[in-house]
Every structure is written in C-alpha cells, then in structure tokens.
Amino acid sequence: DTAVSQTPKYLVTQMGNDKSIKCEQNLGHDTMYWYKQDSKKFLKIMFSYNNKELIINETVPNRFSPKSPDKAHLNLHINSLELGDSAVYFCASSRERNSYNEQFFGPGTRLTVL
Amino acid sequence: AQKVTQAQTEISVVEKEDVTLDCVYETRDTTYYLFWYKQPPSGELVFLIRRNSFDEQNEISGRYSWNFQKSTSSFNFTITASQVVDSAVYFCALSEAEVYSGGGADGLTFGKGTHLIIQP
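Heads up: the protein sequence lines correspond to chains A and B, in order. Heads up: the first sequence begins at 208 in this note's numbering, then just goes up one per residue. Heads up: the second sequence begins at 29 in this note's numbering, then just goes up one per residue.
Honestly, the hints are just simulated from the structure, not real lab data. Here the structure is a predicted model, which means the values were calculated and not measured.
Derived pair list, reagent style DSSO-like, types lysine-lysine, alpha-carbon separation capped at 30 Å:
1. A/K229 to A/K251
2. A/K229 to A/K248
3. B/K140 to B/K44
4. A/K226 to A/K248
5. B/K66 to A/K243
6. A/K248 to B/K66
7. A/K247 to B/K66
8. A/K247 to A/K274
9. A/K259 to B/K31
10. A/K274 to B/K31
11. B/K140 to A/K248
12. A/K229 to B/K66
13. A/K274 to B/K140
14. B/K31 to A/K248
15. A/K216 to B/K66
16. B/K31 to A/K247
17. A/K226 to B/K140
18. A/K226 to B/K66
19. B/K140 to A/K247
20. B/K44 to B/K66
21. A/K216 to A/K248
22. B/K31 to A/K243
23. A/K251 to B/K31
24. A/K278 to B/K66
25. A/K216 to A/K278
26. B/K66 to A/K274
27. B/K98 to A/K247
28. A/K229 to B/K140
29. B/K140 to A/K251
30. B/K44 to A/K248
31. A/K248 to B/K98
32. A/K247 to B/K44
Partial pick of chain B residues on the chain A-facing surface, computed with a CB cut under 8 Å:
33. F63
34. V117
35. L136
36. K140
Non-contacting residues of chain A with respect to chain B, defined by C-beta distances greater than 12 Å in every case (computed):
37. K226
38. K229
39. N233
40. A279
Positions of the beta carbon are idealized from the N, C-alpha and C atoms, including for glycine.
Required output: the full structure, derived from the provided sequences and hints.
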C-alpha cells in the first residue's frame, strides 16, 4: 500500500488555467505539507497543515491554496497558472507537527505550464 | 533564519570508491534535527537518517555513515564502496524544534542537493 499518494503524476496545462493536485496519506499522520521542487532541484516548503491550522510560507502567491477535506487529504489548488509554476510538487506527511518526525513524501506531480 | 548549504553540486566517482557528501547548516535554535534524503532518478524522496542536535554520535548503517559535528555545524554523509545504485541526488535538511514565528511554514529546510554519479 502506498503511504503517501498523489494524483496526477503528470499535469500539462495552459497558462491561465486553474488546476488541482490531490494528495492522500494512509499513515494516520496529523500533519501534511506541500513542497515545490524547481528545475534546479531546489525543494522549498509551501504549506504545512495540522488540525485545521494552515501555515503558509510567506513567499507563496495567493493563487495557491491548499484544501483539506479530512485529515488524510491535502489537495493543492492553483489558480491562473503561470509559466513559473512549472515544477514538481511533493506532498508529505508526518506523525505530528513536530520537527523531530521524519516526513514521508509522495511520488511528486510534475506540472508543466505551456 | 535557518539555512542548509551543500557546496558540492555534483560528484562523480568510479564504483567502489568511497565518497563524502558535505552538509553545513545554520540555525539560531539550540534544539534542531538534521536529515538526509535520497532522490533517485525515478524522482521519489527517500528518508535516510535523522539526527538531533544533542546526539553527536556518528552513525553507521551498512555502507552509509554520518558524521555530525556541532562545532563546525556540519552533518556529512559518507558512502563506502559506492555502487551504481547509489547514483542519485542527496539532500541534507534541517528542522528547528522551536515553533517558527514570523510567517514561515514549519517544515524541512533543504540544501540544494548534491548530484552523485557512480560510474561503473
């Protein structure tokens, strides 16, 4: 069974469109995250979400919004896609909102904006 | 703010050589955690090790070993007798124990990664 899953694995879309990436974890973890990996492989935290508390990295544009229907899911919605949004997006989860816990990552979603 | 530096962008060695990946970090916290993750060509991120700031004991796991030195703020990773399957991008990451204030999301702060190429 996959611990952290993401769909779709690949997403190609036009500039200006709105798209969503889904993430699910079956580990019973309390905290979930979204990271962005750019073309130079640099990984950066976008959001963390724990018990309905959303913490947003201040550099993330408000076109990006995470939505959590329940503890096991944290979906990423992106409005008005721009060329610079092209990247690989990783969802992750950890047992608690605690810096000690290792994070388990999903397989990533490669987003290409044309 | 916390920062992780992996100065080696790419390393290429021949199989069976030993190789060390460097990681230097900066943090204001006294309690923090350091991690290494592996990203093979298939793209997933694989957890390798976690170390807390109060435990400076080196760790060995098979061909992998880690050297944590607070005095130099370094957490280096050595692969002994490298194999082609070790080829990947390796990331060092830092997590601070104190609740982050000031608008940032808690989570891992990653270095830029070291691309390790093991040639047969």
